[in-house]
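Chemist: Listed below, chain by chain, are the residues.
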Amino acid sequence: MNETTSESRNGTCDDLASTQCDVDLAFVESAVTQNGRGVEAVIPILQAIQTEYRYLPDAALRRVCELTQIAPSTIKGVSTFYTQFRHRPMGKHAIQVCRGTACHVKGADLIEEAIALHLGLKPGEDTDGRGQFTIEPVACLGCCTLAPVVQIDEATYGRLTPQSVPATVRGFARQSAEQKTARRDLRNRNRSANAVSVGEIRVGLGSCCVAQGSGHVFDKVQDVVSSIGAAADVKRVGCVGMCHQTPLLETVQSDGTSRLYCHVQAEQVEQIVLQNFQPSGLGARMRTSWSKWVAGLYGRENGADALVEAVSPQEGPVCEFLGPQKRIATESCGDIDPLDLDEYRRHDGFVALKQCLNDLSRGATGETTGEITGEAIIDEIEKSGLRGRGGAGFPSAIKWRTVRGVTAETKYVICNGDEGDPGAFMDRMILESFPYRVIEGMAIAAIAAGAHQGYFYIRAEYPLAVQRIRHAIAECEAAGLLGDSILGTDYSLHFSVKEGAGAFICGEETALIHSIEGGRGTPRLRPPFPAESGLWEKPTLINNVETLSLVPWILRHGGDAFAKFGTETSKGTKVFALAGKIQRGGLIEVPMGVTIRQIVDQIGGGVPNGRRFKAVQIGGPSGGCVPASLADTPVDYEALRDVGAIMGSGGMVVLDDSDCMVDIARYFLRFTQDQSCGKCTYCRVGTKRMLEILERICKGQAKKKDLVLLEELCHSVSSGSLCGLGKTAPNPVLSTLQYFRDEYEAHINGHCPAGKCKDLIAYHINDSCIGCTLCAQHCPVDAIPAVPYSQHVVDVDRCTACDTCRVVCPENAVEVVRR
Amino acid sequence: MPTISIDDQTIDVPEDSTVLDAANRLGIEIPTLCFLKGYLPSTSCQVCLVRERESGKLMPSCATKVTDGMQIDSETPEVHAARRTALELLLSDHVGDCLAPCFFACPAHMDIPLMLRQLSKENLHGAIETIKKDIAIPAILGRICTKPCEKGCRRSSADDPVSVCELKRYAADQDLDAEQVYAPECAADSGKRVAIIGAGPTGLSAAYYLRQRGHACRLIEATKQLGGRLRHEPDPESLPRETLDAEIQQIVRLDVDVQTETPVDSREAFENLAESHDVVLIAAGADAMNLADEWSLKTSRRGLEIARETYQTERANVFAAGSAVRGKCLFVRSAADGKEVAQCIDQYLSGKSVAAPAKPFTSRLGRVATDEMKQFLAGAVSVPVQILTKQEEYSSDQVSDQVSDQSNRCLSCGCVAHGNCRLENYSARYGADPNRFGSRQGNYEVLGRGGNVLFEPGKCIKCELCIQIAAESRESLGLSFVGRGFDVRVGVPFGGSYDEAMGELAEKCIAACPTGALYFDPKAE
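Chain order of the listed sequences is V and H. Heads up: the first sequence begins at 1 in UniProt numbering, then just goes up one per residue. Heads up: the second sequence begins at 1 in UniProt numbering, then just goes up one per residue.
Hints should not be assumed to be uniformly reliable.
What the hints assert, rightly or not - Coverage of chain V stretches by chain H, computed from C-beta distances (three or more under 8 angstroms per stretch; other residues unrestricted):
#1 74-80
#2 521-527
#3 671-685
#4 707-720
What the hints contain is simulated information worked out from the structure, not anything from laboratory work. All C-beta atoms, glycine included, are put in the ideal place defined by N, C-alpha and C.
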């Protein structure tokens, strides 16, 4: 059997694994006991094994087959399909490098190279010689506003530069930030006895806020409050959306006045607390004034002592950022504790669900019937004009009604939380910040469809979202909001969480269903649609996170109120992840119909660093690039489609004149090609061939006829592919070909107008050079010999175009020229 | 019962029928690769695409359920183009030769690998049949051929080419020495008469194949003896006269009417021939040039002018081939021309449109890397090339071992599925260009050596059929897809062999494989 060579190519290595693993298989038994013996347990079992051993030892997989109904072929097929699973032992720590869109345009490639260089990796290696770190590229960590981002084990690091990489990796040795968050999440709120009279100090603790240091700020606030005995509740809140201002801290006095502080450092916390709250008790007051006095005595002469200024939400950047927004899916954003069920209820939480259930139970007494209730819910949804927020924009009411209309004993609802578009993270934010709202929306959907069982399918890259939804489900069960007889009715409703395992394609509903069933996440031909035959061939209602999060509001305020927002065909609001070359990136929710220009200029504050706004990439790998000249296009399903983009799930990456559009097209093709499940010819082979042509173009090796072939291939792949991934994969290419054809042609002539494509550019140091040798010192590949006080020269053959010299040069003497 | 129309033909079909089912009922043949009745449609190949008129969308007919009133287009240029592109994409990722390089190197396109397989099993009768299907004078060519086949042999880049020419000579000599010399079947008299001017390699070969099709042949030779340039160009050392005579005799004995010492050097003589025969074939060698005026035929730079594809001169019933049209050419080229022109004449005589045999479709491997060569060598015997024992000693026991060994040096470059491969057949039918998306990139490899079942991942189109079939048995390990996307391949769990993966179901899996990716090792016990 000569399989070793072929196996290792696919990242699996049976021989290696069997010799290297001397594993204690007792754990496998407990993993099986915990997750079940049926085929559907395969992914959870594999995840448990991987968590335990940090890879999948062959012996453990064999043991699983012995203990369960899972066949060897199933375990092999599934474990090699999902990128989460490793078949080779890995280093002690995983460095995940985000390859999302925002990270890409902000130089993720350079970060990846810098890490490899720092770890001394040779081409093809992913683990350093000492077995400490393994580098793993990931599709998107969903922290786009902090781009470029890496995650080391559970700690996220944002806004990296190639120069900051060594310090980041070395500094990682300190304890992981996320573990603290876990504790923060589970810790009881530090609430004072008299809940009414005190104020609140709110700190946003979404994943990206934590990456920016909000966790430390939160800890500090707790310490300060308890040490000085301030009359304030310290409250963790969800994502505030203003990612560009994090860490963000808001103080709310007992009279309701609030102050917002941006970019808060842990050292400023004490001051902020004291500015807003009186210490209680004589001892504390004395300690405080003593420490203030000491601080005043010893230094801080450079003005750091000055009062920390709060920002005003009535004017200035925060006002502009918030101005055009309308929060429905993200209602009470920044106000409420994501996991505090009581607080959610105080903010009208579960009112809509109760209403639906009341109608249902009245049905039992004869006033109205359950039949009508479901219908009534769907009527309201229909009036609202709600369309799926996952990308395609299918009218939700039609979907709901179809599932409702099918007679079946068992039906399912699924919340599609497999948000995979690089550059999009609104679903993560909603799941992390408003878990109860999504649960309520899904419960209402279940009642409307007549389902009693539901699954949240959440991608594995979102551990905090998974944790919070699990926690929230448990709270709801304890409160009788979920379970055998919800809110005292005889309606039973059970929800559970299924974690994805790293496959973008599982966002496609039929692939998602295969994944829950314990298979490879390959899509199948529709029809039959899941509404007729879905999970385990039962009628299944699948909705996206954002769609479900809009449902409670719609039912509370009525469909008409929702339909007041938006355009003729696109109603309500849409959440976008605004990132890329933008002043104020963040998570925004806007009424449909606002223009791209309003979003970029007003909310986002335009393009930074004096560069020119070139285009917006909307809709991720299925979407397109809308050029600046069409920026007055409104946010509307049809209008966006007409300009070659799509609404998509809500990623919006702003590009400036330093971004190469061919590179952007190649970037997305790389992504889709990498994420193709490999089932149908057009997508499996077609996207590969398209990518090859794009690679040739970026290297300046393409000919004119390659453009023709590329265009033909785009049309073939989009009409011949089986599922949405393949059908839309050519969109980024087609839209850039439509609006930026001249850039493609320039590459064919050996020129990259944006100066981005490495094979077509060279670094040159001009005569402004003062001979400071900074560039030479920082060059990671010694391509610039240090010659103090004279003009430096770049050795073009050695240069890897990492851009470091240009960044460090104090005289702007390094320029990018045509090769 | 829903009603569907495909290409405007309407039919009622049972509920739950697919578009493919309906097409079958209508007698419209839709190509399929990954579909097999009785198994779940994997909708992978996308070669069975059809177009739904209302939505304008392309859909795989194998899995699309018929709905009432559905209107489908199948045989339209758009649909054919989509099928062709799917085939071309599969071919761009296809690693293998449909036909071995030697097939294309040999001007007569003889099936050399088949002959070698037959010789390795001491099937002399089969071998001579294979040879004579394409070469009428193998004993002669076996001595004087310049062996383009061996220059094209893939093994020549590893050590030495397989001695194809010698082995062919051996088979032909053995046949001539046999009590019952091989004689092809000749069809019943067609009533048509062909005059062949010139009894050289072209004329003799043409007569040999025309007779097999039942056409009466008159072989008209200007000199005393048959053989044309075969008689005076090679030196008698290399081509003994006895061999020449003996092989010519094998052709003449198929009731060929021979007329020697009859030069056709006047207009009158030529017109008489044309008058009294249905077809005149000019195979008069390079001399034909000089007589072109007499025969009132046009010439080109090299010889008589003919239509490339049909061997026809401007007079529809006058054909020309061999050196007469090419000037100086290889003997084997002349022999090949004789075969091909015979086919064209046969088409003409049967009232069909005349066309030379189409170049067969093939996927080509091209140059192979060192590692790939190892894969090939692993499937062949490693003995060095050896000059075959002299004819006089053929009877010795060693010889048959030697022949078998030398034949087994063949790397079997051609595909086992050639002729039965659906990818190959549909590619030919839809005119797919295997190089539209660039030349091949995948590596040639053969897995499972040592077992009964071999697997060539480079030829696998990921149809999933073997995976589905292997899963029917609980006894065997089963097969699964490994990895995903472009790099997905079919593998065996836990490092098992392909034999263990399929067990008893191997035969069924192999039969279901739409290409030559999965097969029994012909060399296994």
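Chemist: All hints, please: hold or fail.
Modeler: Evaluation of the provided hints:
no.: 1; hint: 74-80; verdict: holds (count 5)
no.: 2; hint: 521-527; verdict: holds (count 3)
no.: 3; hint: 671-685; verdict: holds (count 12)
no.: 4; hint: 707-720; verdict: holds (count 5)
When each numbered hint is compared with the structure, no violation occurs for any of them.
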